[in-house]
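Trainee: Chains C and G, in that order, are what the protein sequence lines are. Using my numbering, the letters of the first sequence map in sequence onto residues 1 to 516. Using my numbering, the letters of the second sequence map in sequence onto residues 1 to 691.
These are calculated hints, taken from the structure and not from any lab test. The C-beta atom is built at its ideal place from N, Cα and C for all residues, glycine as well. Certain hints may be false.
Stated by the list, open to error - Derived BS3-like pairs: lysine-lysine, alpha-carbon spacing no greater than 27 Å straight-line:
#1 G:K114 with C:K202
#2 G:K319 with G:K114
#3 G:K319 with G:K81
#4 C:K27 with G:K350
#5 C:K344 with G:K350
#6 C:K202 with G:K475
Unchecked claim - If you anchor each label on the Cβ, the simulated ranges turn out as follows:
#7 C:E389 with G:A508: 52 to 60 Å
#8 G:W344 with C:E389: 43 to 51 Å
#9 C:K344 with G:D39: 34 to 42 Å
#10 G:R138 with C:D499: 18 to 26 Å
#11 C:T370 with G:E305: 29 to 37 Å
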Amino acid sequence: MPDPFTLSVIQAGLENAAEEMFAVLRKTAMSPIIYEVLDVGTGVTDAAGNLVSSGAGIPTFVGVLDKAVKVLVARHGDAIEEGDVFVTNDPNYGGVTHLSDVVIAKPVFFGGARVAWSASIAHWGDIGGKVPGSMATDVSEIFAEGLRLPAVRLFKRGQPVQAVFDIIETNSRLPEFVHGDLWAQVAASNTAESQILALFAKFGREAVERAIAGSFETGRARALAGLRTLPKGRFEVEEEQDDGATWRAAILITGDRFTVDLRGNPSERAAPYNTSRDGAVISSQMIFKALCDPDRFANAGSFALLEVITEEGTIFHAGPTAPQGYYFETRIRLFDLLCQCMAKAMPGKLPAGSFSSIFGTVIAGRHPDTGRRYTMVEPQMGGWGATGERGGMDAMFSISHGDTFNCPVEVAEARYGLTVVQKALGERPRLEGIHAGGRGVTLEYELRGPANLSVGYTRARVPVWSAPGLPPGGRNSMHILRASGEREHHRFVSGAVLDAGDRVLVETASGGNAPT
Amino acid sequence: MDRITRRVATDVGGTFTDLVCFETDQDTGASRIVTAKSDTTPPDFEKGVLDVLERGGIDPSGVDFLAHGTTVVINALTERKGVKVGLVTTEGFRDTLEIARGNRPDFFNLHYEKPVPFVPRHLRAELPGRMTYTGEERTPLDLSGLPAILDAFRAEGVEAVAISFLHSYANTAHEEAALAEVQRLWPEVSVVSSHQITREWREYERTNTAALSAYVQPVAARYLHRLDEGLASRGFGGRPYIMQSNCGIDSLDATSRTPISMVESGPASGIWGAAELGRLIGEPNVLALDIGGTTAKCSLIENGEVRIMTDYWIERSRKSAGYPIMVPVVDLVEIGNGGGSIAWVDDFGKLHVGPQSAGALPGPAAYGKGGTEATTTDANLWLGRINRDYFCGGDIQADMAAVERSIRSLGARLDVGPDQAAEGIIRIANNNMVNALKLVSLNRGFDTRDFTLLAFGGGGAMHAVALGQELQVKKVVVPAAASVFSAWGMMMSDLRRDYFVTHLVELAEGAGNRIESTFAETEAKALATFAEESVGADQITFLRYGKFRYQNQEHTTEVLLPGGAITDASLARIAEDFHKTYEREYTYRLDAPVEMVGIHLVAKAEVGKLEMCPEQSGGSDASDAVKGRRMVDYALEGKHEATIYDGEALRAGMTFKGPAIVEDSGATAVIHPGNAVEVDAYRNIHITLEG
């Protein structure tokens, strides 16, 4: 039996492996959405796919990789060999999110046995499909959203499967970026693999497996300690959405269980606003973690007390052909809905609502100075909710984001050849005697050459929620200001044609208010 | 006539101001080290420096060279003791400082609080005028609003002005014009523009750097001025040199203009010392490890060169985004793991060491000043690694009863006895440090077997062998007088400036000239600045680095460029050097176009270094240095009876084997069983791990 300090040393080593994967991916990636927005997750799992450690930039990616690896294990089982590397991006094949997010996973073998996995997920700039940037709004099936990679081998016994590389590069509008990002993810997996193997070699398989089991127990114990501080009971919430539909959720809290019940929600749509069941589980993990153990420490044990009930065929549990390109707006709306539910159940314990939209903004075109193709994929920042103690934070990325960095204006102007006219804190109404929600952002891009715009956001019609009895926060909006002087409002749009001199004006919402 | 050369290093720390004086007799070559300590005297820090000179019996008029390190800048920042700053920036972007990067490292926490900007919104003003990323003027600068802005600043009690415009790294004209106009309209105000500090892109980082520099400028300039005057009034004939964050020293006047460059000067002198010592003993590849009371710092030296970066942040952690400062800082990893780091057990039964420190008060339990929590030092005492009868060089009677209580109570929470608890503290602390060392070495593709681990600071030698064994380094070296090693490093420093300039160039036909002209321009500027300080061109050496990446990437890899003018004929070799360096660090290379993002030029001039005189070997017998034997617990290797050597009695040529302990008044070296030790001609201890 290894002593407790040896176990601690091994656990620290496993955490470092995932962190280091993240560092490698960040430094080598080609797409700004990876290296700047850090729309990336890295993780180490055990042989069966249970999350051991993670190095995400975005919390909603923490719980993705275990689900992907489990699908790989289920599909390939004993056929998985040393030196194999797998790729998947399809939510029906363990991809969880949308086709733009590509998972690369490598099994780690020690002494001939599979002992662990190192995996990463990253948003690629273009995976084919109807529009540049692969974020079409006018699609009714997943087939139109881009290339589907159904949990297949990218390497077999250390050798690249050239056909798959070729298919990927042929299907992307940005083959050189995709090639660079793919290799960055493979390098990240290799880095973690060597660190994991060093631990096995030094301490032996039994000790490492005990360390992993011990860290699952710690994850569970931490969550349980937090769960015990929450009010017991069944809490319900419903909210009207921008499209007029009503969404509902119930949270049932007992001494050792946190259940999110999502039954009774609208049917899936023939539009890219559905999420896989795994996506709904991640929203539930987010509220669970925020309430029970908001530290960054997370593994399979951290979520062992969480149960999620969904109904197949609804927007929260989409079927096999449902498009999911903008799943993230649905997922963040659900996370925000669950926050609202618990804010009501525990007055004063959670901040009021935030602008809570990813507000993915994609501008694709040719650089006016170099003639090279570019795709700008950026989320937007907005206002966060106030708490009983203070006003809300100004200009933050969404509650689904984490260590996400905005692109510096100086870098954006060089890279995309457009001009950023202003990037400022937004206005909000003056309200006395309350803690005001944080300010949103006003951001204005001016095009120097023709380009395509895809953008989608929610909280366009129904404003941000405040504490009961207080005026609501703001609404998100986006306009195209044509060089001709016309002004167009858009909510979800893809393939909108922009010309030199046209401007895109983004104004994100201020956060919800709270009493003093 | 006095034929003794005196070189003095003074260092203002949070609690104490330290002095180390190296005296060399020109006739005999004999040398002597004088050390002294006095209290730090805020807010008049210069007083502490003058005090410590007096206490050390040093007459400033007999000092040939004086180097000075100070934490005055970092303290003013972290304690928020700077001045009120007004910021002038580009129209449409006054909120850049507050929007920052929008990130939330503590990403499950819905109560995250964003760092508050150093300049509030009502003191951030805008002027029309725009440059492009290629440095062309798109909209002329309109200064007509400046008088009203400055009036408002005056009315608000602003004491320093920062100017930062978009793309000023590419074209400085607008910033220069605004700077001149501020100086004309308000001559007495302290003012700085961003391009004076850095020519790199990323507007938030550069603007914050300018704002923070303005924030500390009056404070630091006042302090440096008083120091200069105080030394002169006591007869010092020269000018003090000021330690910088880039491992160099700089003149007092240059430092007063942009004092922000001192921000991380504390660890820089020791790391530079490691590079210099490596050169002296023929070990150009060094892992430098400095373990102090609160933190451990490590840095990698490749082929005698330290790595300098501009990606420095204060107050950044897993809980906070922090604040960037874009100045040249030696690349180091610092962790909260020093002699005073507190060992604690979390709610789930896991042992941690640090980052909280017992500090100077109450200090480790062994100080007997009321400390009840076990620290790394207490564990080292309990295990016999530190001599309980010679604690802190005999200055403090170790309170072993308090040590025992603290370790037993920690053990009770872990359900283990005191020996195992103390071993646990050492193992966890060592593991934290091993991981930090890996970050600067293995994780960047360096093979630690090619490196010598050089350990200094009060605690370096205590842990070095265990860390070196884990990393399989070539050998471990503990310098003579390890506890004053940083001061030694300061005396070995060059007058050094690092210039970073962003300039995007694709490595294709015509690139040679463009790269060469960027270097030539920057070199000319460096020469001109040095000339103003009477340092001639013949004294200056340049090192040219380029920052490269595959086209479309963001992050860059720095590569040392070949000597001589760069032409298109050099490009193939440069590209190959980049591919190689990239592959070493990331395990693969791409067949993709390469671009240069900017240059990094190092300009340095020697201002006279300490001459080290080797000592004749007196034979290998070390028995004269033996002062006894005692049981020592080596944690992973168990308990052994170790021979104890007096570090001050070691002489060149002596050899001995572990298990052993080497003690002097400032540090303890733990030599493990199986290690072989040899003392070199400068009395440094070389430890071969598998003797």
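Trainee: I want to verify a distance hint. Is the separation of the beta carbons of R138 (chain G) and D499 (chain C) within 18 to 26 Å?
Mentor: Between R138 (chain G) and D499 (chain C), where Cβ atoms are some 19 Å apart, the hint holds.
Trainee: Can the restraint linking K319 (chain G) and K114 (chain G) be considered satisfied, given a maximum Cα separation of 27 Å?
Mentor: Holds, at roughly 10 Å.
Trainee: Taking 43 to 51 Å as the hint, is the beta-carbon distance of W344 (chain G) and E389 (chain C) inside that range?
Mentor: violated, 28 Å
Trainee: Below or equal to 27 Å on CA atoms is what counts here, so check K114 (chain G) against K202 (chain C).
Mentor: With a Cα-Cα distance of about 41 Å, the restraint between K114 (chain G) and K202 (chain C) is violated, given a limit of 27 Å.
Trainee: Could you see if the CB distance from E389 (chain C) to A508 (chain G) stays within 52 to 60 Å?
Mentor: 57 Å Cβ-Cβ, so the 52 to 60 Å window holds.
Trainee: Verify the CB-CB distance for T370 (chain C) and E305 (chain G) against the hinted window 29 to 37 Å.
Mentor: holds, 34 Å
Trainee: Take a quick look at whether K27 (chain C) and K350 (chain G) sit within 27 Å of each other, Cα to Cα.
Mentor: Not satisfied, since the Cα-Cα distance of roughly 33 Å exceeds 27 Å.
Trainee: Could you say whether the range 34 to 42 Å given as a hint is met by the Cβ separation of K344 (chain C) and D39 (chain G)?
Mentor: violated, 57 Å
Trainee: Is the hinted pair K202 (chain C) and K475 (chain G) satisfied, with a Cα-Cα distance of at most 27 Å?
Mentor: Holds, because 21 Å separates the two Cα atoms, which is no more than 27 Å.
Trainee: Hinted pair, alpha-carbon criterion (27 Å max): K344 (chain C), K350 (chain G). Please report holds or violated.
Mentor: Distance ~35 Å between K344 (chain C) and K350 (chain G) Cα, so the pair is violated.
Trainee: Hinted pair, alpha-carbon criterion (27 Å max): K319 (chain G), K81 (chain G). Please report holds or violated.
Mentor: holds, 23 Å
Violation of the numbered hints given earlier is confined to hints 1, 4, 5, 8, 9; the remaining hints are satisfied by the structure.
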